[in-house]
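A.B. asks: From first to last, the protein sequence lines stand for chains A and B. Using this note's numbering, read the first sequence as starting at 1 and increasing by one per residue. Using this note's numbering, read the second sequence as starting at 1 and increasing by one per residue.
Please keep in mind that the hints were generated in silico from the structure rather than gathered at the bench. There may be inaccurate statements among the hints.
What the hints assert, rightly or not - Computed list of chain B residues with no C-beta within reach of chain A, every gap over 10 Å:
{"#": "1", "residue": "LYS21"}
{"#": "2", "residue": "ARG64"}
{"#": "3", "residue": "THR74"}
{"#": "4", "residue": "LEU146"}
{"#": "5", "residue": "PRO148"}
{"#": "6", "residue": "LEU155"}
{"#": "7", "residue": "TYR205"}
{"#": "8", "residue": "THR207"}
{"#": "9", "residue": "VAL236"}
{"#": "10", "residue": "GLY240"}
{"#": "11", "residue": "VAL291"}
To be verified - Computed list of lysine-lysine pairs in BS3-like fashion (alpha-carbon distance at most 27 Å, straight line):
{"#": "12", "chain 1": "A", "residue 1": "LYS198", "chain 2": "A", "residue 2": "LYS184"}
{"#": "13", "chain 1": "B", "residue 1": "LYS225", "chain 2": "A", "residue 2": "LYS451"}
{"#": "14", "chain 1": "A", "residue 1": "LYS103", "chain 2": "A", "residue 2": "LYS451"}
{"#": "15", "chain 1": "B", "residue 1": "LYS21", "chain 2": "A", "residue 2": "LYS188"}
In this text, a Cβ means the ideal position worked out from N, Cα and C, and glycines have one as well.
Here's the letter readout for the chains.
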Amino acid sequence: MRVFRRWPLATVSLACLALGAGATRAAPPKDTFVIAGNLSAMITLDPANINESITATSMRSVCSSLIELDDEDASKLMPGIAESWSVSPDGATFTFKLRKGVKFPSGNPVSAEDVAWTMKRTLTLNLANAQRLREWDITAQNFDEVVKVVDPLTLTVKPTRPFAPGLFPFAFSDFRNASVLDRKAILKNEVDGDMGRKWLTTNSACVGPFRVAQWRPQEILMLERNDEYYGRKPSMRRLIFRHTPEAGAQRLMLEKGDIDMALDIDPADYPALEKNPNVRLQYTPSLQVQFMMFNMKDARFRNPKVFEAFRYLMDYDGLEKTLLKNDAKVRQSPVPVGVFGALPESFKPFKLDLAKAKALLAEAGYPNGFSAEVAVLASFPNVDLAQHLQGNAEKVGVKLKLTQMVGAQLFQRSRNRNFEIYMAGYGFNYPDANNPMLRFAYNPDNSDAAKNTISIAWRASWDPGPFINDTIRAAQVERDQKKRLEMYQELQRRYVATSPVIPLFQNQAVTVLHKRVKTLKRTLAATNFASAEKE
Amino acid sequence: MPVDPVIAIVGEQADQQTYDKVYRELGLDQPLYAQFGRYVASLAQGDFGTAITTGHPVIQDIARVFPATVELATLALIGGVLLGVPMGVIAAVRRNGWADHVVRFFGLVFHSVPNFWMGLMVLVVFYAGLGWIGSSGRVSLHNMGLVPEVTGSILIDATLAKDWDVLVDALRHIVAPALILATGAMAYLSRMTRSFMLDQLGQEYVTAARIKGLSEWRVTLHAFKNVGVQLLTVIVLAYGGLLDGAVLTETVFAWPGFGQYLTAGLMAGDMNVVLTGTLLVGLIFVTLNLVSDVLYRVLDPRTR
Chain A
1 MRVFRRWPLA
11 TVSLACLALG
21 AGATRAAPPK
31 DTFVIAGNLS
41 AMITLDPANI
51 NESITATSMR
61 SVCSSLIELD
71 DEDASKLMPG
81 IAESWSVSPD
91 GATFTFKLRK
101 GVKFPSGNPV
111 SAEDVAWTMK
121 RTLTLNLANA
131 QRLREWDITA
141 QNFDEVVKVV
151 DPLTLTVKPT
161 RPFAPGLFPF
171 AFSDFRNASV
181 LDRKAILKNE
191 VDGDMGRKWL
201 TTNSACVGPF
211 RVAQWRPQEI
221 LMLERNDEYY
231 GRKPSMRRLI
241 FRHTPEAGAQ
251 RLMLEKGDID
261 MALDIDPADY
271 PALEKNPNVR
281 LQYTPSLQVQ
291 FMMFNMKDAR
301 FRNPKVFEAF
311 RYLMDYDGLE
321 KTLLKNDAKV
331 RQSPVPVGVF
341 GALPESFKPF
351 KLDLAKAKAL
361 LAEAGYPNGF
371 SAEVAVLASF
381 PNVDLAQHLQ
391 GNAEKVGVKL
401 KLTQMVGAQL
411 FQRSRNRNFE
421 IYMAGYGFNY
431 PDANNPMLRF
441 AYNPDNSDAA
451 KNTISIAWRA
461 SWDPGPFIND
471 TIRAAQVERD
481 QKKRLEMYQE
491 LQRRYVATSP
501 VIPLFQNQAV
511 TVLHKRVKTL
521 KRTLAATNFA
531 SAEKE
Chain B
1 MPVDPVIAIV
11 GEQADQQTYD
21 KVYRELGLDQ
31 PLYAQFGRYV
41 ASLAQGDFGT
51 AITTGHPVIQ
61 DIARVFPATV
71 ELATLALIGG
81 VLLGVPMGVI
91 AAVRRNGWAD
101 HVVRFFGLVF
111 HSVPNFWMGL
121 MVLVVFYAGL
131 GWIGSSGRVS
141 LHNMGLVPEV
151 TGSILIDATL
161 AKDWDVLVDA
171 LRHIVAPALI
181 LATGAMAYLS
191 RMTRSFMLDQ
201 LGQEYVTAAR
211 IKGLSEWRVT
221 LHAFKNVGVQ
231 LLTVIVLAYG
241 GLLDGAVLTE
251 TVFAWPGFGQ
261 YLTAGLMAGD
271 MNVVLTGTLL
281 VGLIFVTLNL
291 VSDVLYRVLD
301 PRTR
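Work out the full structure: start from the sequences and follow the hints.
C.D. replies: Right, here's the structure in full:
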């Protein structure tokens, strides 16, 4: 019995001793950049099918696009695989000149034919990012008329409408619809004429500063420097994305120095990390806005006074100072600050005003309020913002019930127009007001049958009327940048006066780094891992 | 389905045209019985479908993740048995004594404390604080892919390759999740052992043995032999529970196992993963039950 009594403790201590004896630190080598993140949403490496932020973030370093956004100021366009582009005098045709001598990792040369094939593939297979081309009226049907290969290094694009020269290049600035795929290598791996769809799910054939060395789903994505890349040579030889689903574990690994960057730190941990001398936090404005919307199919929200009242139920400044701090800034226009066409940062027409909200509700015929459900994305800061709204709504007699949901559940509700009040974030694609306006304000056919599910205005069953719809289209072809800017500013003012889709905050991206990371450039649009430098 | 698998594939920002196409490709436009019929038909041909979440055939994925879970579960079970059974015996023998209270207290604590929280605390103390154990995953980054995959168990593979550095590293990574899972199994097994032993110690043959003047040690040993069979059933069931994949522990320690794979599939509405996973869990239980029945016959002469 004596043995029994003693041995559990003894064994545990022995085991600890044995393992502890070899305790070492596992800091990554100087030329390796290790990122911990939750990789479970990484379901494909096919650029045309990438929609999750984790895959977009990582694969951007593998697939460069025709045109790049400057990594200091994302609203500036820079040469990418295309070394230059120009517009014909009549504004109808855009000509892209590719760089000479660019090669795929397979050794095949990059040609204009490949660029056209890549775009056409996205449209023909109708993959997730096909809409990024259809947004510019480039479709599978008209592709051969719109995009023409002139010679191995020249490509022309003649869109159906003469898009503004200051705007149209943004159509080719995202790798998800404007990278270049190694046609020959892909066709070798084609299965039943699928244009490499199956193969590209787990393989990569792009040109970029890095190439995929290994991907084990839900475990690791390892990228290796592409030494033949035309651009600046990255100082990192390897980028490693390591699957670490738990935010707390990510924080520990960062503080311990085992990783260089953590992607999913709990915002509640920022203040503590700010105090840690081994950790550095970088705040960058992002293209994501927090918003709430009201479904105008619901009889109560057909009266604009009702959702107008809700604009006065948010303590914007108070939330920014307390809850959100560096995570988000007040933004009451759908166009984020830093984007071409945005109203100034000081544009803040609304603030908390319970009396005014109550008066508006009374005018609308609800002096005693009503009850409604808020469908809210189950993550920070959505739930916190919804709770704040709920508290203030109660003071004016409105009872809100919060229903928290994960993305794939919530988005289904909004795409089916099946909600009363809705709260989530939305990320725009490129820093020009055209994109936020198209998404939040453009809805030429408000019928259920139109199923224009990509439009947030349609999801809210809001008919913006001819002025807004027409001006958005007119601005797309306005060649005078100054005029285009004025058009967007007018659009935003009108929008704010009438829309049931109500922007609240512009999120800041928080980059959480180990202090040995000297440089990692991040803009409104994206993180540039090729810029990473360590001590 | 509450989660929309189409959105998991195309994202929130896809237009309706793309959405509809994927919807049809997944066969969601078919009536439920047709979808199920097709699934069963391909199942009969050994085709478990392709996982949305990884792009690989589900069966291939499971072959990849399952060894990691078996490795973890087996170590956890060994730990749980080695700790739990003796504790249960002590508690029964010293019924209502301080040893019993201590065992019952720890049984209750380890049964109630969420693995998730315990996992984080262990990381805080032993990884971040003392640096005794590895952080997450099965090995450190610099040891990844160094030993050839033979069995899928990194401990065995490293031993076969005689790569002791990798073996030590892998041990440092597995010890925490395995111990945490072991505490759960220990809590369960100690309580079961205690009650089985109490049952036996109250039997007349024990009284007879004591009257005959057998030492307490021999009496206990005698009684223990008789709980063996019952205990085996409980242990086998505990193993089944561990093999289902310990989702939370696997999440905290980024252990690329079955539980995590299944949860990721569930969150994305990936039906092929969920159905095959459920099937496998059922299969594990049926097999383990069979094994325990067979062992029962071997160990207990009365059942022959």
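A.B. asks: Hint by hint, note whether the structure agrees.
C.D. replies: Going down the list of hints, with the structure as the test:
{"no.": "1", "hint": "LYS21", "result": "violated (5 Å)"}
{"no.": "2", "hint": "ARG64", "result": "violated (8 Å)"}
{"no.": "3", "hint": "THR74", "result": "holds (16 Å)"}
{"no.": "4", "hint": "LEU146", "result": "holds (13 Å)"}
{"no.": "5", "hint": "PRO148", "result": "holds (15 Å)"}
{"no.": "6", "hint": "LEU155", "result": "holds (13 Å)"}
{"no.": "7", "hint": "TYR205", "result": "holds (21 Å)"}
{"no.": "8", "hint": "THR207", "result": "holds (20 Å)"}
{"no.": "9", "hint": "VAL236", "result": "holds (23 Å)"}
{"no.": "10", "hint": "GLY240", "result": "holds (23 Å)"}
{"no.": "11", "hint": "VAL291", "result": "holds (27 Å)"}
{"no.": "12", "hint": "A:LYS198 to A:LYS184", "result": "holds (15 Å)"}
{"no.": "13", "hint": "B:LYS225 to A:LYS451", "result": "violated (71 Å)"}
{"no.": "14", "hint": "A:LYS103 to A:LYS451", "result": "violated (42 Å)"}
{"no.": "15", "hint": "B:LYS21 to A:LYS188", "result": "holds (25 Å)"}
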